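*Asks:* Protein chains in written order, with this note's numbering: chain S, 1 to 297; chain C, 1001 to 1315; chain H, 2001 to 2249.
Check each hint, because a few of them may be wrong.
[What the hints assert, rightly or not] Per label pair, the in silico range of CB-to-CB distance: (1) 94(S) with 1008(C): 25 to 35 Å; (2) 2202(H) with 1169(C): 56 to 66 Å; (3) 1019(C) with 186(S): 51 to 61 Å; (4) 1169(C) with 164(S): 30 to 40 Å; (5) 1083(C) with 2140(H): 50 to 60 Å; (6) 2029(H) with 1086(C): 47 to 57 Å; (7) 1011(C) with 186(S): 47 to 57 Å; (8) 2062(H) with 166(S): 50 to 60 Å.
[What the hints assert, rightly or not] Over the 10 Å line for every Cβ pair with chain C, so calculated as not near, a few chain S residues: (9) 61; (10) 137; (11) 140; (12) 179; (13) 247.
Rather than coming from a laboratory, the hints here were simulated on the basis of the structure. Values in this document were obtained by computation on a predicted structure and should not be read as measured data. Glycine included, each C-beta is placed from N, C-alpha and C at the ideal position.
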Amino acid sequence: MNSFPPEIVLEAVANGLLTGAVYGLVALGLTLVYGVLHIINFAHGALLTLAMYAAWVAWAAFGLDPYVAIIPLVPIFFAAGYAVQRLVIGPASRGDDQNILLVTLGLSIVLENAMLAIFRSDTLSVQVDYAMEVVEAPLFFSAPMLLSFPRLVGFGVAFLVAGVLFVLLTMTDTGRAIRAVAKERTGAALSGIDVAHIYAVTFGIGTACLAVAACLLLPSFYVNPRVGNAFVLVAFTIVVMGGMGSVPGALLGGLVIGVVESLSGLYLGDSLGQLGIFVIFILVLLFRPTGLFGARA
Amino acid sequence: MTLRDAWPVLAFGLVAALLPAFVTAGTLLNFAIFTLILCLAAQGWNILGGYGGQYSFGHAAFFGTGAYCAGILQVRYGVNPYVTFLAGIALAAAVGAVIGFLSFRSGLRGSYFALVTLAFAEVFRVLANAVPFTGGAAGLLIPLDARPVNFQFGERGSFYLIVLALVVLALLLTRALERSRLGAQLVAVRENEEAARALGVDALRVKLAAITLSAGITGAAGGLYAQYFLYVDSTIAYGTWISVEALLAPIIGGAGTVFGPVVGAIVLHSLAEATRSLVGRIPGIDLVIYGIVLILVVRFPPRRLPALIRARWRR
Amino acid sequence: MSTMLQVQGVSMRFGGLLAVADASFEVAEGSITGLIGPNGAGKTTLFAIVSGFQKPSSGQVLWRGEDITGRKPHLLARQGLSRTFQIVQPFAGLSVRENIAVGAFLRHKRRAEAIAVAERVAEQVGLTAELDKPAAALTVSGRKRVELGKALATGPRLLLLDEVLAGLNPSEVRDIVPVVRGIRDSGVTVLMIEHVMQAVMNLCDRVHVLAQGRIIANGTPAQVVANPAVVEAYLGHGAATRLAGRADA
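Isolated chain S (complex conformation) (with noise of 0.2 Å):
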């Protein structure tokens, strides 16, 4: 194995904590649809997909910067999430656990594939001034730190929007009623508060940070109608890792994730890069699926 200066492990370490916010963010809306809905969502990718396309669309066809898409397009995910929530799955899943996997299974094939058949399968990319931009962060042992610009705004933009939900999870009645309902149902149900309004209000909110998330990425990243898988399955390892259903676990491994990424494609190069996340994922499923920090149930 290769090795490689402190200062270059540092660098990728950094810019692993960087990306790993945003997986976070994806992860995010995931795990709070699991944590409320009990539900695994495999259209999750796809509508990250989705999203990073509308905000390719929003930025080739309008001129707006991804950063400024953020606006319109929050709500609009919102809505959308809504919307399939309370008349695709709602419906078709009855209630059962493997009806849901189809269901969404079903939803990702669906829009996947429409994106391919509208956009082919070119990879698409925004050009905005500051995607190549580098923040300089001193060391003191070295020269500094180069971080990507584009990086550092979605690390912050996460975490405000991480704070923005709990705030919203724990302030306003709505995220009472979310926490009341992924506690108990039932419960919930008899005290008047309606569970499939909420269930699609919380698919709606994990939907409307897959927007975020989209915006965030793309500056720096590019899209294809594959795009959402490679996040996907990185999802689902920080959400199983983070324990399912945790928010903080959500960003906590999406940080962990992001170095343990970034370290693998350092030493073992890119194409194997993603095989670190995926033996990971197999190990805490098969060891510890309640999650590494979660507690046993």
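Add chains C and H to chain S, keeping to what the hints say.
*Replies:* Frame of chain S, contents of chains C and H only:
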């Protein structure tokens, strides 16, 4: 199993065997062969998912292992293709047993099992794409040498009959399973694992037997694919498309029934062909249709049809 | 009569909760033995331990003197120990015949034999008319019978019945009591958890009383219901004296 148990399968085989006598159009036979290969992959999934209730989202792991094993052994080591085909089945079955042992021993069920199988398939895909042994990203080309001794045929009719024979064999195997103790115990585990264990069913052993058999059959489909198209790469062999195909056909045609995967595969691929002739070859459009059909089938389960067939046949 | 099952000093701890505390009792071969006690006494946990679904925190379970503590349920079933569940666990998608046949397959490899045994057992538990119905379509009483039939079809030496009478109306109880007695008469030892005292009094040769995880009494049904400790366990502290007082007045 008696002849009475087997006759619908044999009748299907005989009728289907007549196809090459009437159809000489290459495209139609091509379509039929491809659909039959997918029937076989789906029948494999059906044993574990349909009868055993363990929904795998990663049957690509077995399909791909069958395909790569058949390809690599003949290209790199010059082994006879018939032998490599059988070796592919054995290796796929072994991979199934290992994945099954790891997951079932850890008590993974439902969504967790779906996730872990998906992850295993992805690990294989990433590996096959990266290492030179499998041909890497460029894939593996099996040299064209159309002689029967090479498991390659000048005309499609012969290959069609071989694929059909294997599908019939898989159907008979499924039918025999349905009538056997293992089959009854497998269905019991699907319906209620706790209750099955209380009745003396070794749930772990039963599920392991099912995944091994399941993986072997899907591996056979992979081997046939490699042998027919003479090309394998990581996205074909270990891609999510085949995991999805293997699961869709039984779900749509009736999971846990002998003919479900066949009906499902034929319905799906006819639909896809029909769409293509209507709107032209737009990439992805067939899968959009599949996805919609899947959602509709789950939303409005056509229980009546398979239940009727089952009731007739049980007598 | 020889001892078929011995439970020796079994305790089960869930976190801070001691569900079963140092419980010991015996089941004689050929008997119908009752395990009674108030709700939450730990009866079902004790059953889960005896049938291998849970491993006790301490203590031993002996089968004809052989230690079977923590042995897997399917192995115990093979040895001849079979159980029913308090909350019935039918194979919902299967017919009554197929449900019972799953049990019969334990000792009969061939389908035809297993089906024949299933039909015989169905007759024994009074389900012949329902053989082709899906298990999910039965009434409560029918499901209890299926539960009983499945366990019986495994050909047990010892049958553990977890509240097979709960939820039945008095006439349905009257119908099942002779079925249970018939099972014993065919040579199967029965250990039953039961709340329906009418049936316990009627059926059991011997009764063990579990309260708050401890065995507090045992004896014939008549002895046990007269035991002040048992009355108090059911009705609360001081109840026995109050009842005695009222009887005196």
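*Asks:* For every hint, state whether the structure bears it out.
*Replies:* Hints, one by one, checked against the model:
| no. | hint | verdict |
| --- | --- | --- |
| 1 | 94(S) with 1008(C): 25 to 35 Å | holds, 32 Å |
| 2 | 2202(H) with 1169(C): 56 to 66 Å | holds, 57 Å |
| 3 | 1019(C) with 186(S): 51 to 61 Å | holds, 55 Å |
| 4 | 1169(C) with 164(S): 30 to 40 Å | violated, 59 Å |
| 5 | 1083(C) with 2140(H): 50 to 60 Å | holds, 59 Å |
| 6 | 2029(H) with 1086(C): 47 to 57 Å | holds, 53 Å |
| 7 | 1011(C) with 186(S): 47 to 57 Å | holds, 51 Å |
| 8 | 2062(H) with 166(S): 50 to 60 Å | holds, 56 Å |
| 9 | 61 | holds, 21 Å |
| 10 | 137 | holds, 32 Å |
| 11 | 140 | holds, 38 Å |
| 12 | 179 | holds, 22 Å |
| 13 | 247 | holds, 19 Å |
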